[in-house]
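Colleague: Chains L and Y supply the protein sequences, listed in that same order.
Per the numbering used here: the first sequence = residues 1 to 413.
Per the numbering used here: the second sequence = residues 1 to 413.
Keep in mind the hints are simulated off the structure, nothing from the lab.
A portion of the hints provided could be inaccurate.
Which copy? The list can't say, so a pair holds if one copy fits it or any two copies do.
[Said to hold, decoys possible] Below, simulated DSS-like cross-link-like pairs (lysine-lysine); rule was C-alpha separation at most 30 Å, straight line:
(1) K202 to K108
(2) K364 to K108
(3) K364 to K408
(4) K408 to K202
(5) K408 to K108
The structure displayed is predicted, hence computed values, not measured ones.
2 protein chains.
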Amino acid sequence: MRVHVINTGTELLLGHVTNTHLSFLGDRLQGRGLRIAKQVSVPDGDAIREALLESAPQADLILVTGGLGPTSDDLTRDIVAELAQAPLEYNDEIQARIEERFRTRNLKITDRIRRQAQVPQGATILWNDWGTAPGLYLHGAPGSGPLAGKHVVLLPGPPRELRPMVDTYFMPLLEVIHPLPVTMTQRIFRIVGLGESAVEDKVGAHLEAIADLELGYCARMGEVDLRLIGPQEVVNNAALYVNEVLDTNIVTDTGESFEEVLVRLLTARGETLASAESCTGGLLANRITNVPGSSAIFLQGFVTYANSAKINSLGVPEQLLLDHGAVSEPVAAAMAEGARAASGSTYALATTGIAGPGGGTPEKPVGLVYIALAQPGFATLVERYVIPLDRETFKYAVTQRAFDLLRKRVVGI
Amino acid sequence: MRVHVINTGTELLLGHVTNTHLSFLGDRLQGRGLRIAKQVSVPDGDAIREALLESAPQADLILVTGGLGPTSDDLTRDIVAELAQAPLEYNDEIQARIEERFRTRNLKITDRIRRQAQVPQGATILWNDWGTAPGLYLHGAPGSGPLAGKHVVLLPGPPRELRPMVDTYFMPLLEVIHPLPVTMTQRIFRIVGLGESAVEDKVGAHLEAIADLELGYCARMGEVDLRLIGPQEVVNNAALYVNEVLDTNIVTDTGESFEEVLVRLLTARGETLASAESCTGGLLANRITNVPGSSAIFLQGFVTYANSAKINSLGVPEQLLLDHGAVSEPVAAAMAEGARAASGSTYALATTGIAGPGGGTPEKPVGLVYIALAQPGFATLVERYVIPLDRETFKYAVTQRAFDLLRKRVVGI
Numbered sequence: 001m002r003v004h005v006i007n008t009g010t011e012l013l014l015g016h017v018t019n020t021h022l023s024f025l026g027d028r029l030q031g032r033g034l035r036i037a038k039q040v041s042v043p044d045g046d047a048i049r050e051a052l053l054e055s056a057p058q059a060d061l062i063l064v065t066g067g068l069g070p071t072s073d074d075l076t077r078d079i080v081a082e083l084a085q086a087p088l089e090y091n092d093e094i095q096a097r098i099e100e101r102f103r104t105r106n107l108k109i110t111d112r113i114r115r116q117a118q119v120p121q122g123a124t125i126l127w128n129d130w131g132t133a134p135g136l137y138l139h140g141a142p143g144s145g146p147l148a149g150k151h152v153v154l155l156p157g158p159p160r161e162l163r164p165m166v167d168t169y170f171m172p173l174l175e176v177i178h179p180l181p182v183t184m185t186q187r188i189f190r191i192v193g194l195g196e197s198a199v200e201d202k203v204g205a206h207l208e209a210i211a212d213l214e215l216g217y218c219a220r221m222g223e224v225d226l227r228l229i230g231p232q233e234v235v236n237n238a239a240l241y242v243n244e245v246l247d248t249n250i251v252t253d254t255g256e257s258f259e260e261v262l263v264r265l266l267t268a269r270g271e272t273l274a275s276a277e278s279c280t281g282g283l284l285a286n287r288i289t290n291v292p293g294s295s296a297i298f299l300q301g302f303v304t305y306a307n308s309a310k311i312n313s314l315g316v317p318e319q320l321l322l323d324h325g326a327v328s329e330p331v332a333a334a335m336a337e338g339a340r341a342a343s344g345s346t347y348a349l350a351t352t353g354i355a356g357p358g359g360g361t362p363e364k365p366v367g368l369v370y371i372a373l374a375q376p377g378f379a380t381l382v383e384r385y386v387i388p389l390d391r392e393t394f395k396y397a398v399t400q401r402a403f404d405l406l407r408k409r410v411v412g413i
Numbered sequence: 001m002r003v004h005v006i007n008t009g010t011e012l013l014l015g016h017v018t019n020t021h022l023s024f025l026g027d028r029l030q031g032r033g034l035r036i037a038k039q040v041s042v043p044d045g046d047a048i049r050e051a052l053l054e055s056a057p058q059a060d061l062i063l064v065t066g067g068l069g070p071t072s073d074d075l076t077r078d079i080v081a082e083l084a085q086a087p088l089e090y091n092d093e094i095q096a097r098i099e100e101r102f103r104t105r106n107l108k109i110t111d112r113i114r115r116q117a118q119v120p121q122g123a124t125i126l127w128n129d130w131g132t133a134p135g136l137y138l139h140g141a142p143g144s145g146p147l148a149g150k151h152v153v154l155l156p157g158p159p160r161e162l163r164p165m166v167d168t169y170f171m172p173l174l175e176v177i178h179p180l181p182v183t184m185t186q187r188i189f190r191i192v193g194l195g196e197s198a199v200e201d202k203v204g205a206h207l208e209a210i211a212d213l214e215l216g217y218c219a220r221m222g223e224v225d226l227r228l229i230g231p232q233e234v235v236n237n238a239a240l241y242v243n244e245v246l247d248t249n250i251v252t253d254t255g256e257s258f259e260e261v262l263v264r265l266l267t268a269r270g271e272t273l274a275s276a277e278s279c280t281g282g283l284l285a286n287r288i289t290n291v292p293g294s295s296a297i298f299l300q301g302f303v304t305y306a307n308s309a310k311i312n313s314l315g316v317p318e319q320l321l322l323d324h325g326a327v328s329e330p331v332a333a334a335m336a337e338g339a340r341a342a343s344g345s346t347y348a349l350a351t352t353g354i355a356g357p358g359g360g361t362p363e364k365p366v367g368l369v370y371i372a373l374a375q376p377g378f379a380t381l382v383e384r385y386v387i388p389l390d391r392e393t394f395k396y397a398v399t400q401r402a403f404d405l406l407r408k409r410v411v412g413i
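So that you can see chain L by itself, here it is in the shape it has in the complex:
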């Protein structure tokens, strides 16, 4: 089954808005053994028609996102109805549900809202329990039109509506229209401490010689992803080899995020974590607390931008700040130790650095950072890096290195 995704929305092409649908849909389809062959973003309006006409001969399943809302630039429903030769009809149940939703939220219903109760003749409704516009599924448009015999799924643009709708209503539908067993499997290794070409140097030649194995490399911030795709047994054997060669450089091969790995490791050990962040400004705590269940291991985070905060909340000696400056090895160590003492955690991570763009000096340039890990029974560990990147990337790169410092200490490597 060949799958295309069409993302509609002028905002996607004008900047500012990031398309998160593709990675979500790719993940869900992958779980059913399907891959997206092509994805297209087009503005609202007539370009939707052209994109559908272009994809129809190449694809069996076309997922269209966006353009189902109440405003005048929402045209997906109308265009698909036209191409599928399936006239729009009012649906009383949709209308009733929308009215109920507005009533409970005390919102005034407008005429524009009613457009969302229109359904192309014969389409299946994917209910929207998270917003107003329902999704729609058309299969086998009648006649000889361009969408004849194609599976076409229309999904709402807002991710918080699209995602649960896909999981609740589209995935069960997909089991019906694509009932094949999953024969291909995927394994992704998250690798740290090695560059992309070093990873290929170590494992590439061996893996390339394995029949039916598809290989992929992806250099990400502070990690390289190595992807193996193929029949279950082939991937399992290749994975044994990768595990043996890359060993401690592998953070995980289960698709978990770095922070999920840490929460799982600490939970299993009954250990806890605290953080003291200067330059990362809360990102470290935020990433950890994105993991459900992290409250069991994450006791407390301090975001101590001001020196007075470092002194008062973490007990960093004022003299240390005067002698070495806030961005220094002894202050990083004192921050980590202070966070441990204040929270009573097993481990504490601290970051202090110069995120930029301002604030750098010849001795302490933008990108300089100290990362510290405090732990009972061990001397506090401090690592120094210079990571001269833009502010947000710098923050992320620093948390990656802090996580790896913790990971290695926790698993004892």
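Please arrange chain Y on chain L, whose structure you already have, making use of the hints.
Modeller: Chain Y only, in chain L's frame:
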């Protein structure tokens, strides 16, 4: 000048990886009065050829991202050289730069790396000062091949290489190949407190009647973006109307983020902020500290997951936690007041809620949250919401509401 973007990379279509290139490139081109007419994502390999052949007749400028690296799945350079009928040649200066980069970083250079020193005959090199593979610009491939006369730009896949390369080397090049003055302008209003259809109800009819004005609506998490595009004077006049009608619901119309607006407002007033986060887990501090210069206004953040942290670091009375629970109005207020007292800030925001998926009860369901704002001379303000969304969306939605609580108080509306 018609612009297409082709993003290559199997990982983009398999899930997990989000394509951030499109929003970045859309923004940069927009600044030069150009719009992306279409964007396509395809896997590594032959699909790149097909995408180029499909775009060539429709576009004047084609931006291709990814596939320039050292690994065996990096084929963009080869395919473009073939389609442009411009044989690959080794470039000594690229080779020397790569070797220098590896030397200073103490990395071993491998044979694979040398592929990145290949340049299609006649192409302009866009130097990569942030990684190894340079970008390439081809204009007017010779002969009558499919790329004849087209502007084709090849950019590296990693965002931290692509972004500075675009700003440093591609944008000046674009001024040469597209020297037209910017005649169209764009204005985006970030609107809070109103739904998408309510926004259109208030301003839609009036704005739709304005000639040469293009309108767009985009519902985002906790805000609606209203986009006006057209000639400078038309947009300016329409913006006056929007400002008058939507008034205090407008956070900004300058393209600033919500956090940038807050940092600017507080900096101008010489006021400061602290945060005490439970359910948002550091996201609030992280968003604020993403803004360059935020250290001038953000004194300190507390991420107090554990009750002991709320008691010890914020001075929340233990009895309050016993009587009302951590997720309650009085605890939210005590957290905000405690953060203010500990940090000496002008304002303090606090969040306490149940992010889920676990931890909900009939009286305190998943999604329940209290947001508090403490400020000298005013009673502490506490708002209660129920936002039953997935964990990360919940965290973001809560910070949006917290930011708006602060914004309204700061500007006195």
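Colleague: For every hint, state whether the structure bears it out.
Modeller: Right, here's what the structure says about each hint:
1. For the homomeric pair K202 and K108, the shortest alpha-carbon distance between copies (12 Å) is at most 30 Å, but the shortest distance inside one copy (63 Å) is not.
2. For the identical chains of this complex, K364 and K108 are inter-copy neighbours only, at 28 Å across copies versus 57 Å inside a copy, given an alpha-carbon limit of 30 Å.
3. In the homo-oligomer, the alpha carbons of K364 and K408 lie at most 30 Å apart inside one protomer (28 Å), although the nearest pairing across protomers, at 39 Å, exceeds that limit.
4. Proximity of K408 to K202 under the C-alpha cut-off of 30 Å is restricted to the intra-copy arrangement: shortest distance 21 Å within a copy versus 57 Å between copies.
5. In the homo-oligomer, the alpha carbons of K408 and K108 lie at most 30 Å apart only across protomers (24 Å), although the nearest pairing inside one protomer, at 56 Å, exceeds that limit.
Every hint from the earlier list agrees with this structure, and none is contradicted.
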